[in-house]
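As they're listed, the protein sequences go chains A and B.
Per the numbering used here, residue 65 is the first one in the first sequence, and the count goes up by one each step.
Per the numbering used here, residue 2 is the first one in the second sequence, and the count goes up by one each step.
Think of the hints as simulated: they come from the structure by calculation, not from any bench.
Don't take every hint at face value.
Unchecked claim - Derived BS3-like pairs: lysine-lysine, alpha-carbon spacing no greater than 27 Å straight-line:
(1) Lys72(B) x Lys57(B)
(2) Lys121(A) x Lys43(B)
(3) Lys69(B) x Lys57(B)
(4) Lys77(A) x Lys43(B)
(5) Lys121(A) x Lys77(A)
(6) Lys121(A) x Lys72(B)
Each chain is listed here by its residues.
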Amino acid sequence: KAGVTQTPRYLIKTRGQQVTLSCSPISGHRSVSWYQQTPGQGLQFLFEYFSETQRNKGNFPGRFSGRQFSNSRSEMNVSTLELGDSALYLCASRQTAYNEQFFGPGTRLTVL
Amino acid sequence: GGSVGLHLPTLSVQEGDNSIINCAYSNSASDYFIWYKQESGKGPQFIIDIRSNMDKRQGQRVTVLLNKTVKHLSLQIAATQPGDSAVYFCAEIRIQGAQKLVFGQGTRLTINP
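Make the full structure from the sequences, and use the hints.
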């Protein structure tokens with residue numbers, strides 16, 4: 065069974081631009097969560113989607129948004145990029161709310 | 002409130018020795034805890050979890066200990082191998098309407114030959 069895939073793997077943007085990251089969960093997994101990982105803050109929860117509905121949200125500004133499609137694939141969008149948004153963005157999927165999460169390799173976003 | 006933190010940011014051990022990675026937490030309402038391993042260029046990988054009503058759980062070469070009295074969690078890796086070199090995170094599951102993982106900062110484990 066294929067693992068969680070994320071595209072693109074690397075991305076370079078400039079301040080003020082917007083970016084969309086994509087995540088394809090493991091087949092059969094209906095829950096997708098997004099995390100931001102930085103050296104200073106570690107791994108921080110962004111949001112979780114289950115069956116196309118946002119079920120939980122972390123403490124990030126409204127510039128960070130996401131959505132989930134009927135095939136469970138998910139996208140996250142960051143608008144008006146800031147330098148501090150440079151990070152590794154990780155996606156994780158699981159079958160239900162009480163299963164182990166499986167992480168993808170992440171998308172490395174650099175904001176210049 | 003509540004956070005999950007790591008006692009040491011780095012740890013070096015000799016190959017073949019046992020290693021212990023520690024983690025402190027402050028939210029006594031967490032339902033269970035998970036240890037993840039993250040190798041360079043990869044996402045975190047589940048190692049082992051432990052429910053809050055347990056004190057100890059063993060896996061293959063790994064043991065997790067939970068001390069609820071002092072809110073402390075540890076991961077013991079027996080007979081460390083070069084492939085154990087990675088960053089290790091502890092995370093707690095907080096049920097607040099929906100499950101949410103709260104991660105500690107991570108400990109970098111280096112295995113010396």
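Legend entry - 27 Å limit on alpha-carbon distance, applied to hinted pair Lys121(A) and Lys72(B): With a Cα-Cα distance of about 26 Å, the restraint between Lys121(A) and Lys72(B) holds, given a limit of 27 Å.
Inset, instruction - Measure nothing beyond the straight line between the CA atoms of Lys72(B) and Lys57(B); if it is 27 Å or shorter, mark the hint as holding. - result: Holds, because 14 Å separates the two Cα atoms, which is no more than 27 Å.
Legend entry - Given hint Lys43(B) paired with Lys77(A) - CA-CA distance at most 27 Å: Answer holds: Lys77(A) to Lys43(B) is near 22 Å, not above 27 Å.
Legend entry - Straight-line alpha-carbon gap Lys121(A) to Lys77(A), limit 27 Å: Holds, because 25 Å separates the two Cα atoms, which is no more than 27 Å.
Inset, instruction - For the pair we were handed, Lys121(A) and Lys43(B), check the Cα-Cα distance against 27 Å. - result: Judged against 27 Å, a Cα distance of about 24 Å means the pair holds.
Legend entry - Distance restraint between Lys69(B) and Lys57(B), which requires alpha-carbon spacing of 27 Å or less: holds (11 Å)
When held up to the earlier numbered hints, the structure conflicts with none and fits them all.
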